[in-house]
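Undergrad: One letter stands for each residue in the lines below.
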Amino acid sequence: MLHILEIIIPSAIFFAAPLIFTALGGVFSERSGVVNIGLEGLMVIGAFTGVVFNLTFADQFGQLTPWLAILAAMIVASIFSLMHAVAAISLRADQVVSGVAINFLALGLSLFLVKMWYGKGQTDQVQVGFDKIDIPILSKIPVIGPIFFSNGYVPSYLAIVLAFVVWYVIYKTPFGLRLRAVGEHPMAADTMGINVAKMRYIAVMLSGALAGIGGSIYATIISRDFSHATISGQGFMALAAMIFGKWHPLGAMGAALFFGFAQSLSIVGQAIPFLKNVPTVYLLILPYALTILALTGFIGRADAPKALGTPYVKGKR
Amino acid sequence: MEYVIEMLNIRKVFGNFVANDNITLQLKKGEIHALLGENGAGKSTLMNVLFGLYQPDGGEIRVKGKKVNIANPNVANDLGIGMVHQHFMLVDTFTVTENIILGSEPTKGRQIDIEKAEQEVRELSERYGLAVDPKAKIADISVGMQQRVEILKTLYRGADILIFDEPTAVLTPQEIQELIQIMKALVREGKSIILITHKLKEIMEVCDRVTVIRRGKGIGTLNVSETNPNALASLMVGREVHFKTEKQPSKVGKPVLEIENLVVKDSRGITAVDHLNLTVHAGEIVGIAGVDGNGQTELIEAITGLIKSESGSIRLNGKEIRNLTPRQITETGVGHIPQDRHKHGLVLDFPIGENMVLQTYYKEPYSKRGILNFKAIYDKARQLIQEFDVRTPDEYTKARALSGGNQQKAIIGREVDRDPDLLIAAQPTRGLDVGAIEFIHKRLIEQRDKGKAVLLVSFELDEIMNVSDRIAVIYEGKIVAIVDPKETTEQELGLLMAGSKRKEAGVSS
Amino acid sequence: MSENRLTNILVPVFAVILGIIAGAIVMIVSGYDPIAGYSALLYGAFGDRYYIGETIRQVTPYILAGLAVAFAFRTGLFNIGVEGQLIVGWLAAVWVGVAFELPKVIHLPLAIVAAAFAGALWGFIPGFLKARFRVHEVIVTIMMNYIALYVSNAIIRSVLSDQGFKSEKIHPTASLRSEFLQSLTDYSTLHYGIIISLIAAVVMWFLLEKTTTGYELRAVGFNQHASHYAGMNVNRNIILSMVISGAFAGIAGAMEGLGTFENVSVKAGFTGVGFDGIAVALLGGNNAFGIILAAILFGALKVGALEMPSAADVPTELVDIIIALIIFFVASSYLIRLVLMRFKKGGK
Amino acid sequence: GQAKEEPKKEEGKASEFSIAMVTDVGGIDDKSFNQSAWEGLQKFGEENGLKKGKGGYDYLQSQSDADYATNLNKLVRNDFDLIYGIGYLMTDAITEIAEQKPDNKFAIVDSVVEKPNVASITFKEHEGSFLVGVVAGLMTKTNKIGFVGGMEIPLIEKFESGFIAGVKAVNPNAKVEVQYAGAFDKADKGKAIASSMYASGIDIIYHAAGGTGNGVFSEAIDLKKQDPNKEIWVIGVDRDQYEEGKVPGTDKSVTLTSMVKRVDVAVYDLATKTKNGNFPGGQAVEYGLKEDGVGIAPTTKNNVPEDVLKKVDEWKQKIINGEVKVPTTRAELQ
Ligand SMILES: Nc1ncnc2c1ncn2[C@@H]1O[C@H](COP(=O)(O)OP(=O)(O)OP(=O)(O)O)[C@@H](O)[C@H]1O
Ligand SMILES: Nc1ncnc2c1ncn2[C@@H]1O[C@H](COP(=O)(O)OP(=O)(O)OP(=O)(O)O)[C@@H](O)[C@H]1O
Ligand SMILES: [Mg+2]
Ligand SMILES: [Mg+2]
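Protein chains in written order, with my numbering: chain A, -17 to 299; chain B, 143 to 651; chain C, 9 to 356; chain D, 39 to 372.
Because the hints were derived from the structure by calculation, they are not lab data.
For clarity, every value in this text was computed on a predicted model and none was experimentally measured.
Quick reminder that beta carbons are idealized off the backbone N, C-alpha and C, glycines included.
Some hints could be false.
Claimed, not checked - Here are the simulated distance ranges between beta carbons:
no., chain 1, residue 1, chain 2, residue 2, range
1, B, LYS277, A, THR38, 50 to 58 Å
2, B, MET346, C, LYS218, 21 to 29 Å
3, B, ASP561, A, TYR153, 39 to 47 Å
4, C, ARG244, A, THR292, 23 to 31 Å
5, A, THR292, C, LEU50, 35 to 43 Å
6, D, ILE358, A, GLY101, 52 to 60 Å
7, B, VAL217, A, ASP41, 37 to 45 Å
8, B, LYS258, A, ASN177, 19 to 27 Å
9, D, GLU344, A, ASP41, 34 to 42 Å
10, A, HIS(-15), C, VAL37, 40 to 48 Å
Stated by the list, open to error - Just a few of them, taken from the derived set where beta-carbon distance is under 10 Å, the chain C residues facing chain A:
no., residue
11, ILE36
12, SER38
13, GLY39
14, ILE43
15, TYR46
16, LEU118
17, PHE141
18, VAL148
19, SER166
20, ILE330
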C-alpha cells in the first residue's frame, strides 16, 4: 500500500503543478472582477514559448535553459493576456467572449508559427528538461519522505510554495485588499482613489504570466514538444480548480492537487491489484465524476466576486 | 471671504443632456449647507464634480480661496473633501476597518498593519460618538451603522469638508436624530458640511443655509432662518405642493388579511418574525412603523410567498395562503410593490412593455395556448404608461433606462392595475422627490377608497402618519402596538419603535 | 430603436471585415500571398458544387451547436458542455441506427429523437445540479465533456463493436444521406441534416421570442429574483434551458452520426464542433438567424481552409486566427459602436 | 468550376504518373507511419523526377476525421493516379470514395478494403513485436516488462500479443504488465504510466502509442538523468526511435531497440508496381519479416550485446520459414 502511495502521490503532484500555477493566475484575474476563460489559451502560449525558447537557446544557456524558458513563457503569455485585458477592461467587451477568442487565437497563432518556423505540425523534442530530484533532507524522512519529497520536479514544489505566497499577497497586503475591493465593488474602490482599470490590468497580466508558467512547465516536463495536442483542456481544468477552490489560492491548490490525485489514481490504478479488474473507463472518468460529486456534496455553492464579469464604467450606477 | 468651498457656474453635460447648468454653491466654514432639488435635478452630479468623480465642462472650483482642479477623488481627499454617497460605497465582504483603510492602508513591512488600523478606527469612532465595531463585517451591520462607516472613511482621511448625499433616505427616526447629533458634533470640531436631502423638516432643523436647484439650474441660496418648508418645496418643484394628502375617513369593511402567530426565520436562520398577529380590513391602509431590521422585510416576503415561514397562519379573505407559491398567492389577489425595485420589481433588461405583464403573461389576453400576444401586451403597457404618467420615450424602452422614480411608477401601475384585494407597498417612495411622493400617496389612498386593503411599510414616519388609517408598530418581529395616527405623535411612535413602552400586543380593533 | 438594431447588425459585419483584413495582414507579414491564400480559401469553400456540398455539410452541425450554446446563454447559463452533449447524441443516434431495422419514416426520426434525448440528459445533469445545489454549470459541463468522451468510447468498443474502434455502418433507413444530394454535389458528403438544422433555428427563435416558456426563460436569464417575485419557477427554468440546449447539441451529434459519418468511432479527443459552436453563437449574437449566417461563415472558412496548404501553401491555422479575431472584434463591439457613433454624428 | 478543371486535366495527363496521400490528424512529421509513408512517397517521387504538387507527388493533412473524405476527393479532382489513405481511420472514407470513383486507384495502409480499385497494405506488426519481445525477454534483469498501448484496438492488440509471445518464448518466467493510455496523443498519461511501471520494478517498456509514447521516453530519460546507473529501457515503435531516447549531455540512449514498420518500403513498392501497370487492386498485401516490412532497428546493436542479437536472428528465421506462428490476438496468444 505504502509503495502504491509512493507511486501515486508524486505523480499526483506532478499532474497538479501546471494546474496550480494556472489556477492561481485565474484567482488573480477573477478576484479583480475579470472572468478569464482564456486560461487555456494562455497555457498554450506558455507551452509554445517555453518549447520554442528551449529549442532555440539550449546551446547558449545549457542547464539554465528551462528556467529561462519559463521566464520567457511568463513574459510572452502576460503580453498576450493584454489582449484580453484591453478588450475586457478598456473596451468593455463581454469577458467570456474575449476569453473564448483568446483560446482560439492562442492555438491558431502558435500552430501557424510552428508550421512557419519548423515547416511541420509539431516542434522537435526539447533536449534540456527539468531534473527529477529528491529534496535533500526531507526525502530522508521515513514513510512520508519517499511519498512526498522524492522523485519530484522542482517546479512542482515551487507551485505549492507559490500558492502560499499568493495567499499572503491577496489577504495580507494592501495590493491584495485593493484587488479584492476592485472585484467586489469597483466603484467603492474608485471613490477611495484606487485606479480600478490599472488594478485589473495588473491582475489579468498576472494571470497571463502564471498560466504561461503552467503551460511551459507542462510542455517541458511532460510532452517535451509542442503540437496541437500538447495543451488540451488543462486550462479548463485549472479554471475548474479555481472555482472549485472558491477563488481562494489555497483552495485552488487543494482542488488542483485533488484533480492530480484522481488523474494519477486513474492511471496507476490499472496497476493496483484490487483495482485491476475494474474496467478502465471507470478509472478514466474518475477524476471528473469525483469533481462533480465533491462540488455537489460537501463543497456546495461557491460565490464569485460580486463584480465578476461586469466592466466598470466610471459614474455609472 | 471665509468660504471653504466655492463652486462657481459649474456646468456638467452627459452626452447632450445638461445635468448641471451654471450652478453656483458657496460653503462657509463651520456651516451645514443644504442642497435641495427633485430627483434628477443634478445634486449628486454636482457633488460628484466636487469630489472629483466627474470633471466639470465649465465653471471653476475654489477651495479656501485658491482655484483647484479636482482630477480624481485622491485630489479631493488631499484637499480635505470627503463624501458620503447616496448609494453606499462599501465592500460588504470586508470588515469595517478594511473598508475604512482601503486605499491608504497602514503597513508594517509589506503587510497591512491591521491592529494599528483597528486601533485608529476605534479612537475616531469614540471621538465622534459613532460606536462602530472595527472588526464587524459590513454585511452583518445595520444600514445606520454602514452610514457611520462611510462617515469614518472621510474622517480617517482627515476630511474637514463633508458631503452627505441623501443620508437620511435610508435611516429611521432614531438614527436620523443620532445622525443630526453627529453632524452637529462634526461642525463643533470645525468641519463644514454639505447635506443633500429631500426632507424639508431636516433642513429646517439642522441647516444654516440652503441652495435650491431645479432641472440642473441653480435657483438660489437662502438662509434657513428666513424661509419655510412650503416656500422651499415650491421653489424646488416650481409649483405648489401639498404635504398632507387629503383623504376622507376610511369605510372599514370585512377583514382581508389575517395573520396569526406567524413565525419566520431570516436567511441566517434567526427568528425575524416572532408569533406576529395582524389584521388588515377592506377599505383601510395599515401602516407598519418600525426600525429597519425588525422583521418588516421577512413579514412581507412571507406573506407574498418569497420565503417560507415556520408556523402560524396567513389568511386572505379567509383562505389559508401560508407557504403557497408566489404565483398561487398573486392569483388569490395580492399585489406587491417590492422594497427593492431593481432586485424584485423589474427585469431591467426587458422593455417596459414586457415588464407590465410580469405576473400575467400566461393569462389571456396576453397569451393563448402558450403563445404570447404582443399586441395585447403593448396595448396594456401604453395604457398604464399614460395612466400613471411614466416618463419614458416609448413602451419598447428598456426599464433600465428609466429613473428610479419612473421605474417606481411603472411598478405601482402594474400592481394596482391587477386590482388585488390586498396591496402591499414596501418603501414605495424611497428616494423620490415630493412630486412623485404626492402622486404615489394619492394612488394608495385611491385603492383604499375602492374598498381594497392596503399594507404600507415605510421608515418615513411622516409618510406613515399622513397616509395610514391605523399604524402597527413592529419591534423585534412582534406588533407591539396599534395606534391611531390622529392620536399619536412622532415622539411616541419613536419610543414604541425603540421598544421602550409596550401596549397590549397587536389584536386588531 | 431601429438605429440600435442597425448597429447590432453592423457590428458583426464590421467584425468579419476587420477579421479578414487582419488575416491578410498576417499572411503578408509572414510572407505568404494573401490574394492566393484567400482565392484558395474561396475556391475550397465554394469553388464548385462538390465544395459547396462539403461546406453546407460542415455548416449543419455548426448551426445546431451554435443554437445550443446560444439557448443557454439567453437564459443566463454558459454551456461549455455542448461538445459532450454532441458526443452522446452522436452515439445514441448511431446506436439506434444500427440496433433496429425499421421503415425510414420511423427509423430516422427515432434515431434523431434518441440523440436529442441523450443530449438533453447530458444537459439535464448540470442544469439540475445548478438548480438544486447551485453548482457552477461551467465546471460541471466541462467535466461532463470528458465523461461523455470516455464513456462513449467505452460503449463503442464493448457494445457497438467487438473491441473494435468503430461501430458498424447504420442501416440506410436511419441515414440522412441521399443519392440525390450526392449526385447534385458530385459525391460530397452533403446530407439532409441541413434542413433539420434550419428547422431547429426556427424552433429556437419561436420558442424564445413568441411563447410564454421563452418569456420565462428570458426573464430568469436576466433577473432570477424578479422572476421568482413574478411567480415563475426559477429552478425549473434553469433545468429546462439546459435540457433544451443539450437537445440541440444532441441533434448536432446525430447530424454527424446519421449524415456525415454514418457510424461512430472511438475518439482520441474532442470533435471541436461543440467549442466552435461557442464562436458561432457569439458571432450570431445568440440570435437564431444570426447563428445561421455565422455558421455559414465559419463552415466555409473551415472547409475552404483545407485548400490553402496545397494551393497557396498557407497553413490551415490561418483560418483559426481569423475566426479568433472575428470573435475578438465582436467582443470589443464597444469600439466599433463608438466608431459608428462618430460616423452618425458626422452625418448630422 | 468546369473551366478551372479542364487545363488541370491536360497537365495532369501530360505529366507522368502522379501519386499523393492523405494523412490523418498526425501529419507527415508524426515520427510514425504518416512520416514514414511520406518518406516512401518522396523517395518514389525523386527517383522518378516528379515535382512536389499537382501532377507530381503530394500530401494533404486532415484537421479532423471529417476531412478524410474531403481531402481524398480533393486529390481525385487533381487527377492523381494513385491515392493513399494512411491509417486505419481512413477505412470508411476510402471504401466510400472507391465506390464513387471506380476509375481511380486507391490504396489504404493498416487496414483492408475489399474493392477492385483499392490495394490494401497491412503489416505483420506481431512478427516485429515478437522480435523486440525476444530482446526484452533476454535483456530484462527484473523479469518484469511493460507494454504501453495507445488505444485498445485490434491493430494495437497485434503488437501486444506478438510482444508477449516473444518474451515468453525466451523467458517464460518474465511477467509482462500491459496498460493502455486510451489515446495516441496523451504524453502526460504515457509519462505517468511509465513512472508507475518503472517504480514497480519494470525495467523495459515497449510502447505502441504514438505521441503518448513521448511521455514514456521523457520519464525514462528523467529517471536516467537522476540516476545514470539505473538500468531502464524503452522499446520504440514504427520507426527507429534511438534519437528520441537520447539522454541529454551524454551519448547514451534509453532506447533499447525499436520495432520498425517500413511503411515507406510498402508505399514505395506499391507505387512502383502500379506505375509498371500491375496495380494489385482488390488485394491485401501484407508486409512481414519476409518482405522486410517489419523488423528491428539497426541501432539495436548500440545497447544490445552480440549474442542476444544472434538469438533474435534465429527466431527471425524460424518465423520467416514458418516454424513459429506468431499470435495476432490475445485469444491466439493463449
Ligand atoms: N452618469 C450619467 N450619465 C448620463 N446622465 C446622467 C449621469 N448621471 C446623472 N445623469 C443625468 O443627470 C441628471 C441629474 O442626476 P443626479 O443623479 O445628479 O440627480 P439627483 O439630483 O442626485 O437625483 P436624486 O435626488 O434622485 O439623487 C439625471 O436626470 C440624469 O438623467
Ligand atoms: N449613469 C447614468 N446614466 C443615465 N442616467 C442616470 C445614470 N445614473 C443615474 N441616472 C439618472 O439620474 C437620475 C437620478 O439618479 P438616481 O439613481 O439618484 O435616481 P433616483 O430616482 O434617486 O433612484 P435611486 O432610488 O437609485 O436614488 C435618475 O433619473 C437616474 O435614472
Ligand atoms: Mg442623487
Ligand atoms: Mg435618489
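Undergrad: Which numbered hints turn out to be false for this structure?
TA: Hint check: 2, 3, 6, 7, 10, 11, 14, 15 and 16 fail, others pass.
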